[in-house]
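Number of protein chains: 2
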Amino acid sequence: MSENRIIYLPLGGAGEIGMNCYVYGYGKPDEERLIVVDLGVTFPDMDTSPGVDLIFADITWLKERRDRIEAIFITHAHEDHVGAVGHYWEQLGAPIYARAFTANIARHKMAEHGHSPETVRTASAWPETITAGPFTVGFMPISHSIPESSGLVIDTPSGRVVHTGDFKIDETPVVGEPFDRDAWAELGRSGVKALVCDSTNVFSHHEGRSEALVGPEVEKLLRSASGMVVATTFASNVARLKTLAEAGVKAGRSIVLMGRAMRRMVEAAAETGVLKNFPSVVPVENANDIPRENLMLIVTGSQGERRAASAQLARGKHFGIELKEGDLFLFSSKTIPGNEKGVIRIMNQLSELGVDVVDDSSNLYHVSGHANRPDLEAMHDLVKPQIVVPMHGEHRHLREHAKIADSKGMQGVLAVNGTMVDLTGNAPKIVDYIETGRTYLDGSVQIGALDGIVRDRIRMALNGHVMVTVILDEADEPLGDPWCDLNGLPETGRSRHSLVEMLEEELGQALMRAGRKVLADDDKIEETLRRAARNACQNEIGKKPEITVVVSRLSA
Amino acid sequence: MSENRIIYLPLGGAGEIGMNCYVYGYGKPDEERLIVVDLGVTFPDMDTSPGVDLIFADITWLKERRDRIEAIFITHAHEDHVGAVGHYWEQLGAPIYARAFTANIARHKMAEHGHSPETVRTASAWPETITAGPFTVGFMPISHSIPESSGLVIDTPSGRVVHTGDFKIDETPVVGEPFDRDAWAELGRSGVKALVCDSTNVFSHHEGRSEALVGPEVEKLLRSASGMVVATTFASNVARLKTLAEAGVKAGRSIVLMGRAMRRMVEAAAETGVLKNFPSVVPVENANDIPRENLMLIVTGSQGERRAASAQLARGKHFGIELKEGDLFLFSSKTIPGNEKGVIRIMNQLSELGVDVVDDSSNLYHVSGHANRPDLEAMHDLVKPQIVVPMHGEHRHLREHAKIADSKGMQGVLAVNGTMVDLTGNAPKIVDYIETGRTYLDGSVQIGALDGIVRDRIRMALNGHVMVTVILDEADEPLGDPWCDLNGLPETGRSRHSLVEMLEEELGQALMRAGRKVLADDDKIEETLRRAARNACQNEIGKKPEITVVVSRLSA
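Same order as they appear, the protein sequences are chains A and B.
Number 555 in numbering that gives the first Met the number 0 belongs to position 556 of the first sequence; there are no gaps in the numbering.
Number 13 in numbering that gives the first Met the number 0 belongs to position 14 of the second sequence; there are no gaps in the numbering.
No wet-lab data here; the hints were simulated from the structure.
One should not assume that every hint holds.
Any copy will do: because identical chains look the same in the list, a pair fits if it lies in one copy or spans two.
[As the list claims (entries may be wrong)] Taking lysine-lysine pairs in the DSS-like style, the calculated list, with each CA pair at most 25 Å apart, reads:
hint, residue 1, residue 2
1, 402, 219
2, 249, 323
3, 323, 402
4, 219, 275
5, 323, 428
6, 340, 316
7, 249, 275
8, 323, 340
9, 219, 333
10, 523, 543
Looking at chain A on its own, in the form it has when it is part of the complex (with noise of 0.2 Å):
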């Protein structure tokens, strides 16, 4: 029992898509010495979470074993993997290491909560490697959508585990390291316990296209188009942004880059050294001195988020550019589930300019940056690991590509979040089920997604809100009517009077049918107006409010 062991723990990532979160940890039970990898974040919907900012894994169990923490590894620079660094980062307190480019944009979210730039540290590629505690771990170079990304290569005393990180097989991915097969194969001959495995698009049957098939078509495109042409993507995705701009370059077109984010991220590329030939480009300001024809505008907002610059520029003039009739649209995006109504909303909007809008329904102007069923297959075959470890991804992705892992003579373990699994033996084990959840950052504040807040706006939201004030004396009589605020509910109901005074008078007729005792206690009238006013609001226009009493007393 008291022998070493490895543990793997998902905090965020496995049982859904984003917020990524892992957990190693090596030595005697409960006494592991642990490394984190990958502190990203999720987005909040108005279904789930109105108002909140931005979601992170619920890191309370690390926060508990903050001396056990040797490091931080990011494995790649979304945020989904990186963008909760700069928000946690005191509360674990250990060193961050990601490879340049990571490491560029992981330093300004530090920057952005007052930590110094050396709390990251720049590591290189496989085969160098960094010690932390019982741990040696190496960034092995994996082609994504974003520069620089890497698998890990975790080695411990009782074996090696290899954690993909985010990725595909691309073998020509415009920017970063091509995959390179041998490489992978060669970790795999020197024997590899468990892999811990991307599954995001375990159910994509077909292999996955490189990058270096977007660009001819989306020049094929530009040279048809015969006004301006907007495209738009991830702020992240840099190759893409390359792929886009040299396409219109090819096309006889100046490139514009819009959007904070973008502009970001080609800076830390080119910072780092790993964005090379990026085309030149025309400042927003000296756009409209191009003939439409000769223009491209590289923009944000590829997930009709309605503050980026598509949605600015379907709404109309953006930066002093406005789109008309004849000019030319394109998603080289795919639309990420939940996100179809404010793409929507922004081709209507589109559409109402005369604008042709071309999207990734084609599967000419778009391809993944994750791993297809036959390519994680391939990862399987070339690492020949004892153990598969599916992550990052919803439940339904996990099983499936557990279930590929058994069939094919592997160990597959379904572990979703919060599952310890023992990864020392032949065979995982779990060991453990730790309580996780969501922490949100709402405002400036963190809160837990299950502190009863952001229920509580949910319930206003669907059912609008009264707030009753009633005035008693010291002879615990009341003053006049109970008075009545709406929020968010109609003026007249049923009746065709308005709700304000009939719920005043419900209200008030309550009061005088209550007896002494009734009136004496807080709760109790409290109670009794919660109740008379539900009843009123019923009767009247068929909903059920949120009620808050407000009872006030007269002291003596």
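Given the coordinates of chain A, work out where chain B should sit on it, guided by the hints.
Just chain B now, kept in the frame of chain A:
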């Protein structure tokens, strides 16, 4: 100027998918006699209409011309065409015409609002016609995904308009009349002024596929399944229900229907004779007597609706039935944009139960009920109209459809909700723009989408709510500090002190600083306290909540 004219005025469905409501008029300008085609609904979402129950087209324009309405025609029984009849009929007052199946559904809706069955008159199919003022209207059978769908042949003294309703071209539709090319071509030969035509699938470039293709694929899938099978689709897709049930029976399974809406549809179809040879169905109470491998449930909830049977089964036991490892769940449906997250939630819950999920991504188990681009062109070619008026579609669909018409030498006209088009001459003329919008059914009350009620709810959901109560005595002196109640806000912020206490202190100080002029004026007190509360919150929690201030004064 005083010549009779034919007008077309969409109030809903043109510029959106759903909420169909079209007006035709014939007569002298501003004295036209009117008919209404369809009275549909659309569905609310948390982003734009939290708490709302249903959404209707704003029919103010029609209500103001109530004495000019001759009749209401319902093309088919989908909610987005018939859903508002019960809610709106009293405000319009004209007789409703529909074919037997649609009329059956409409009568149930009317009965729910206390209206007599006689308000809905059953119409026979073309070549029989109904006279409504200057209009002669025939129900022309057309294939879609619900029985007795019809186009309308609308004859006026100045010519013929053909309104397709929703349709696909399906010569083997499983339920209902096959698409009859000859009959439609015959209409074309008699001379058609305008074709008002479904547009939803204009961006689908392949020819539509027949309902008859689905059954054999489902049967194959069922034969490969070893546990219980559950299939979900739209409750109203009676053809699909039959396809699924027949495939189930062929694969040796007993059929159970779950979900009120679905049983209601099958009943209506049976009552009106449009559903023949539907396999016999086992009551849900007896489902557990049947071995799992011989059971097939056909259930509601294909769009992820939380209260429908699919969601209930995914969450656990429902009507005594429990899904488990080895069962199969088929989504024989397309996910409507906006519903992705709900559907994915169910898929993951099913995955947690060990259930295998099959969706329509293979294109084998679902076909659309709408005409794709080649089918729209086929319709143009059959009917040979002078004018094509694209309807039922978002702006981008209507625009694309109009472009197709133009490119083929017809006159396409882009008319979104509120655009009045004169169809009398050889070319369509836009003659007016009417104020249109949406009406929300909120509980039992109809409210305007722009009344500010729902906006206030959204604000509370995004920002949280602070209620401030202050009592002043006869001399305008505050009795103690103001009181604060929070809703949807954290208890503590930056300072880690109670947010309520901090606010009450800040507001107390603000009142102390306030002069007599402010204290004498409720509005000024309110403004002072609101500003102080918002600033304090911004500082403490990084958010500016909604603030309600209730000022109470003790009268002398």
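These are the hints, each one checked on the structure:
In the homo-oligomer, the alpha carbons of residue 402 and residue 219 lie at most 25 Å apart only across protomers (22 Å), although the nearest pairing inside one protomer, at 41 Å, exceeds that limit. Within a single copy, residue 249 and residue 323 get their C-alpha atoms as close as 23 Å, which meets the 25 Å cut-off; across copies the closest is 56 Å, which misses it. Taking the shortest alpha-carbon separations for residue 323 and residue 402, only the inter-copy value of 16 Å comes in at or below 25 Å, while the best intra-copy value is 51 Å. In this assembly of identical chains, residue 219 and residue 275 lie within 25 Å of each other by CA distance solely inside one copy; the values are 23 Å within and 53 Å between copies.
When the C-alpha separation of residue 323 and residue 428 is checked against a cutoff of 25 Å, the pair qualifies only between copies, where the shortest distance is 23 Å, while the shortest distance within a copy is 61 Å. Only within a single protomer do residue 340 and residue 316 lie at most 25 Å apart by alpha-carbon distance; the minimum there is 22 Å, versus 33 Å between protomers. In this homomeric assembly, residue 249 and residue 275 come within 25 Å of each other (Cα to Cα) only inside a single copy, at 17 Å, whereas the closest approach across copies is 62 Å. For the identical chains of this complex, residue 323 and residue 340 are intra-copy neighbours only, at 23 Å inside a copy versus 34 Å across copies, given an alpha-carbon limit of 25 Å.
Within a single copy, residue 219 and residue 333 get their C-alpha atoms as close as 20 Å, which meets the 25 Å cut-off; across copies the closest is 32 Å, which misses it. Taking the shortest alpha-carbon separations for residue 523 and residue 543, only the intra-copy value of 19 Å comes in at or below 25 Å, while the best inter-copy value is 32 Å.
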